[in-house]
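Asker: Chain by chain, the residues:
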Amino acid sequence: MKNQFLGTLLIVGCLSSSVAFAESPIQPGDRIAIIGNTFADQLRIHGYLETLLLQRYRDNPVSIRNLSWAGDMLAARDRPTGFASEESTLRAHKTDVIIACFGLGESFAGEEGLAEFKNQLNTLITSYSGKTYNGKTAVRMILVSPIACEDLGKLTPGREKRNQNLEAYTLAMQDVATATKIPFVNVFETSRYLMDESVGQNLTDNGIHLNAYGYWAMSHTFYEQLTAYEGVSNQQPWWLRIDAAKTASDARGVKISQLNNTADGLRFQVTEQSPPRLRPPTDQPLPAQLEVVRDTLVIENLPPGEYSLTIDERPVVTATAKDWAKGVAIDSSPAHKAVEAYQSVVNDKNLQFVYGWKALNQVHIVGERRSSPSGKRLPGEVIAFNKLANELDQTLRNSIELNTRTWKLLRTSK
Amino acid sequence: MKRMPTTLRCIVLFLFTFTNSQFTSGQDMKGRKTANLKGADLKLMDNHDPASQLEHFELLPGYQANLFAADPMFANPVHMHWDSKGRLWVACSWAYPQLKPGEVANDKIIILEDTDDDGVADKSTVFADGLYLPTGIELANGGCYVAQSPDVFFLKDTDGDDVADVKTLALTGFGIEDSHHSISAWRRGPGGWLYFQEGIFLHTQVETQIGVVRNFNGGVYQFNPRTNELRMFCRGTGGNPWGHVFDRWGQSFMVNNPRIMYLSPATGNSGEAVRVRPLISTEKQCGGDLATGTHVGDDIRGQLLTGRFKSRTVVRYELLEDGAGYSANVLQPLISSKHPNFRPVDVKMGPDGAVYVADWYNSIINHAQHDFRDPRRDHDHGRIWRITHKERPLARKPKLAGASIAAQIEQLTSPQDWTRHQARKELSEQDPDQVLASLETWVDSLDTNSSDYEHHLVEAMWTCQNVERVSEKILQRVLSAKDGHARSAGARMIRYWHDELSDPIGMIAKASADKFPRTRMEAVLSAGFIPNAESFAAALHSLDDPGDPLIEQALLQTTQALDAHWRPAMEAGTLSFAKPSHREFAEQGAGIGLETRLAQFLSQRLPTDKDIATIQAQLLDVGTDTEVGMIVEALVNSRNAQSPSVMVAMLETLRDMAKPDSPRALRRSLGKLRQLVTHNNESIAVLAANNLGVWRLAGGKEFDALQGKSTTAAVKQALAIALATTSSERNAEKLAQLTASGDLNTRYAAAAGLAQANLKRGVQAVAVLLSADPQETNPVPLIKSILQQRNGGGTLGDALQDVKLHPTVIASISRLHRETGILPDRLADIFYPSGNSGSLSAELLKEDQVQLIADVEKLGDPARGELIYRRGNVACMNCHAIGSVGPTIGPNLVAVGAAAKTKYFVQSILQPNAAIAEHYESRTFVLVSGKTLVGIMAFRNEKEVVVRDSSKFGKEVRLDVADIDEEIPARSLMPDGLADQLRSRNEFLDLVKFVSVLGKPGEYKNDESPVIRKWRVIAANASSDVPADDAKWRTVYSKVSGELPLADCSDGEYVFVRGYVNVLKAGSAGLQINSIDGLTLRLDGKLVDDLSAAVPLKKGRRTFTFGFSPQQRNTGLRVELKAMDDTAKFQPEGGL
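The listed protein sequences derive, respectively, from chains A and B.
The first sequence stops at residue 413 when you use numbering that gives the first Met the number 0, and every number in between is there.
The second sequence stops at residue 1135 when you use numbering that gives the first Met the number 0, and every number in between is there.
Derived by calculation from the structure, the hints in this document are not laboratory data.
Ideal Cβ positions, reconstructed from N, Cα and C, are used throughout, including at glycine.
Some clues are possibly wrong.
Partial chain B-side listing against chain A, Cβ under 10 Å, derived [stated by the list, open to error]:
{"id": "1", "residue": "Ser-178"}
{"id": "2", "residue": "Val-212"}
{"id": "3", "residue": "Arg-225"}
{"id": "4", "residue": "Leu-435"}
{"id": "5", "residue": "Ala-436"}
{"id": "6", "residue": "Ser-437"}
{"id": "7", "residue": "Leu-1063"}
{"id": "8", "residue": "Ala-1065"}
Reference listing, derived: stretches of chain A covered by chain B, where coverage requires no fewer than 3 residues with Cβ under 8 Å from a Cβ of chain B [said to hold, decoys possible]:
{"id": "9", "stretch": "66-73"}
{"id": "10", "stretch": "362-373"}
Calculated pairs, SDA-like style, for lysine to any residue (alpha carbon to alpha carbon, straight line, at most 25 Å) [stated by the list, open to error]:
{"id": "11", "chain 1": "B", "residue 1": "Lys-700", "chain 2": "B", "residue 2": "Thr-725"}
{"id": "12", "chain 1": "B", "residue 1": "Lys-166", "chain 2": "A", "residue 2": "Gln-283"}
{"id": "13", "chain 1": "B", "residue 1": "Lys-107", "chain 2": "A", "residue 2": "Ser-343"}
{"id": "14", "chain 1": "A", "residue 1": "Lys-375", "chain 2": "B", "residue 2": "Pro-968"}
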């Protein structure tokens, strides 16, 4: 058990002293815009971070528009001719806070480029400084570092040098954030740490861009850093521990009641107090550091044998007494299915938004051929797509229901 | 489209209802506008039985077509590739052109398989679905790369059911601006890189492991699937690049909409866009492949086949070697169809040696021409046609998948290009070290006497590249081959392998001096990839055999690519050169020794245009006061008279070198240019005056000259502007006085000067002048000079608001606008009021358009229409070409009738700004100097922009990007109200009818037979008296039929008409002349006695000068050439 808590500390530990903010960088009801490079752009495809953030303030959830663009760099953000200005989109979204992810493309300039990188960051911060998009308050900024480069052999030549540079750019960004009193999220450290871990699949397919698993793995630290603040603990994964011999239990994230031994196992009520965590998109074993971010049920002192867990009569997982004693991840319970369905709405919202905001054939909508009659219906369709996104966003304000369910553990073989 | 989340269902339902309610009386049952269906063969259009298409194919003699696959196996094919098992992978886009709100993207990759080898697919498998507009696919790494901008995905089946179960994002950040030319035309190159390309307007930024690849306005990418490296292969291709092929020796050709381009010379390492001049430009086309292998006949082997989706043909091009490069000839189509839905968009050679054609199958073409939501868009059909030779045996499908490395290597000798390509692909997925070892042993076992031995070596070399292994042994053999083609392939390889070669620079030095020009070109290009100074010096061996423009272009790229290496080395004196001429080239590039070179240049009697351009560029780059002084001395020293073209070039250069803060002594010496203001060559006099202005030297003497009786109007205007430029404060008042009295030429000139000094005052003076009779004075130069000023047009518009202009002024300025479209809107309204009630265009616009279109169809006469089209005052020919001849300011109209409906032409003539054809939007460039220029952009890269100036028949003007202050998208250069030049509504019907039949089968089809269509005409005194080359020959063009009408050459009692023919390969040609009565012919100046006998043609540009007396001839002149032997290859010259 101790090890697991240590693991949690390691993952969350990357918060370190730099993120000891007086208040959470993300506030209830925040209307968030994400800007930046490919790392930021692909966040919208995978939806792990966004689902976590949306469940954070269930009474007053945040709303997110991802305005990033693959390949964006601080001083090079190419857009189609006539493309809607970022300012107009920020205003349409009534943006309270901007999460800015930069540093990968810039880091190829190496040490020589560091000073310029800091200049450009300061220019970016100044350009938003004092701007009001929500009609009330000045927009806030959060800076996010680049991730590390993963060792994929011949696909990632000069990887060590790359990581030196990425680290230098991360530290430079941290310096700027400190000097300008802007919250800073360090995803470099944790990503390097996880990439060097021997257990578990790769976080990237090309060394530099997270895959689905990578986004899942990194969403936890990203989320913690965006929402944690000094002295206040954050929403943690579910953790249920039952001592079958003593019929005793304790739990985090849920409440256990009516715990009873039955002829062939256990039966108890679980009242969900916080939303469950999304399961990892992999069948491969996870490194210990990531096992602890899963919702987990530990049952000690079961008689030997294999036990199946059902929740509200639905089979969830089967494991041996030995495994149950070590802890088994619970991530396909009815509550987990609900949060998965919620995540797919998040992804669909982002897709509909992109279909409108970043629609194909921009030259016919706003660009060089906008006056051509063949595309005359497109601007109207762009508005329709945006409407679809806004409607889905409204749907997302209804967080998943938290229920009290009956969990049963039944011995299936000796 | 089958899957639909519940959340969206109601919305889709809503939209569907909404759309349904739109069906109104002007539409048919399918929601198609009845006006759009006029003249269409509805029965055929709605007959989706493939048999109805088969009936309508016309094939080249000896060939036949059969249906390989059709809906419902798949639909909407965009692009296709064969795998090594002989199965056809097809990217299909139901969602094209764009998803509607509420729809779910579900485009597919389908595998078609002919399991019993009967030439018909009998199995189809959905490899992947849920895609959105897949524009290209290619197979590698055991899976399939799929492009759907902005992303490239890698999809793979891991459990053997041919359904992808792994999908990863390979690359992202490609341009999304226009899906019809986003990343497409994917193709594995011989070395195992995947090539794909995008077109104009697109911005791309892709993060890779080694940096961010950025690109704008199109180009070709190359992606190494083994290392994930992404590079730009070539920038600057722009347009709509829809096809890319590699020939037998690895040379690269692009199908870029109407243009066929030879890409290899533009693939240097300069990082900049290189202008690629098309080999030939005909009609829009898409996809393509080279006809290869043993099954097709000798009549098409080696030719490029590509789909002309407008005129519904698969056309053929022969590519002819020409120095380091190629030229291209278009040939009769392989297949053509009258079925309205046949739209060939991709062509690929198949495993059996047959030609496979992907048929998009739709009665309308892409989204630029027709509404995105046009109900005629077909989402249910698609065809793959298979074309075979009737007599020749099919090729046998090889067994490659699962075969041993040795067996796969053996296939590299196959006569089927298809098989060799697939063998390389299969080997790319084998163990690299084993493949390398096997290849190195294999080349030793080859029969060195085999005629294809050297090609086998090249295949072995490419296969090494496919497994990322370097074989210096094989490369050495390739570079020592007897066949230059093999050596050129080896020289290209150095760019990839140099890191691991023992002496890459030695190889470059040797290959740069090769006797085969393409080897020299490739060596020079490869040098640019070896980052050191010596590789530059090695490339300079190519200078020893000068004269090939492609090698020169290659050397420029490499010089620039290695700039950071050779320049410091040369300055430090550590770089050694093989020859003094090499050092001279480098010094020239570095700006060293300009003084000596200028002195040499100025002492030359007849420098070439290239010499002039070279020295001009250097002077502007690094010229100093010393060189300015030298030029002035040379210009004013009458003992050393320069040719006018040199004088003009030097005066232009001085003008562009002007610095207002130059030392006084220097400016004083420039004062000597005054004497040239009286030069009898007006261009020289004007430029001299320009120089006095920009160097701030104009004063009292210029005031005198301005008022001089013998000074011409053009020089007066230049002088007045020079005075204003020298000092607006000092000279404005005097200029103002001159606008008010004196002769009209002086008053006009002074007004131009005053406008330069003080725009507001100037335009007021202009207003006064323009309200009076200009008499002999031409107001056009004055207006042009004001338009060139920043805000000139607008300010003049303000001043003329309430002025009653003299009718003569209006007539000449409106003619200017009609011919060039350069007036901004405000002024156009004043000088060129279109749509005035009562004007023909206003009346036509008021009419019921459906009726008007119907009348065009019914009453219009294309023959009369063509004569109207050719009339000078209608000005069509000032901007539009038809086929190979004419200017390129507006779109080429050669097949426009086959691509769009009558309604579009009515609208385009009456309201030119309603829909501007792609790439023909005009732009206004405001220069740092304050001047402006209006035209169509022909090319741009990071350094320069090339603009076609509409006021000069599309003459190209080069602008430095640094000199451009602002770039404003403008309107169509085709002015409103052109129809007002027509005499009647009937003439309008005729004109539209003519345009609407262009390219359709029949009399006005796109006839690409070798007919002389561009003529120079001149009157003469007698049949023996051919005027000199520099006499005032006029340019005229033949009609669509190829005939040069008599009316266009009745200049005198006797006329000479001259056409040029570029002979690519010498041989004998027969002349097919419509009537040889009274006709004389001189071929390159020598009289030809018998016009009906074949004439021998030497390689090069041949001049055909015909003489006749128009009065004694009862028909125009049509001359077609016909090759009389197997060798002769030629093209009549087109263009302006």
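Asker: Give a verdict on every hint.
Answerer: Hints versus structure:
1. Ser-178: 5 Å, holds
2. Val-212: Because about 8 Å separates B:Val-212 from the closest Cβ in chain A, which is inside the 10 Å limit, the hint holds.
3. Arg-225: This hint holds: B:Arg-225 lies near chain A, its Cβ roughly 8 Å from the closest one there, short of 10 Å.
4. Leu-435: 15 Å, violated
5. Ala-436: Violated, about 19 Å.
6. Ser-437: 21 Å, violated
7. Leu-1063: Check failed: Cβ of B:Leu-1063 comes no nearer than 37 Å to chain A, outside 10 Å.
8. Ala-1065: Violated, about 46 Å.
9. 66-73: The restraint on the stretch 66-73 of chain A holds, since 5 of its residues have a Cβ under 8 Å from chain B and three suffice.
10. 362-373: With 9 residues close enough to chain B, the hint holds.
11. B:Lys-700 with B:Thr-725: OK: B:Lys-700 and B:Thr-725 at ~13 Å, within 25 Å.
12. B:Lys-166 with A:Gln-283: 17 Å, holds
13. B:Lys-107 with A:Ser-343: Cα-Cα ~22 Å, so holds.
14. A:Lys-375 with B:Pro-968: Holds. A:Lys-375 to B:Pro-968 sits at ~19 Å (cutoff 25 Å).
When the structure is compared with the earlier hints, violations turn up for hints 4, 5, 6, 7 and 8 and for no others.
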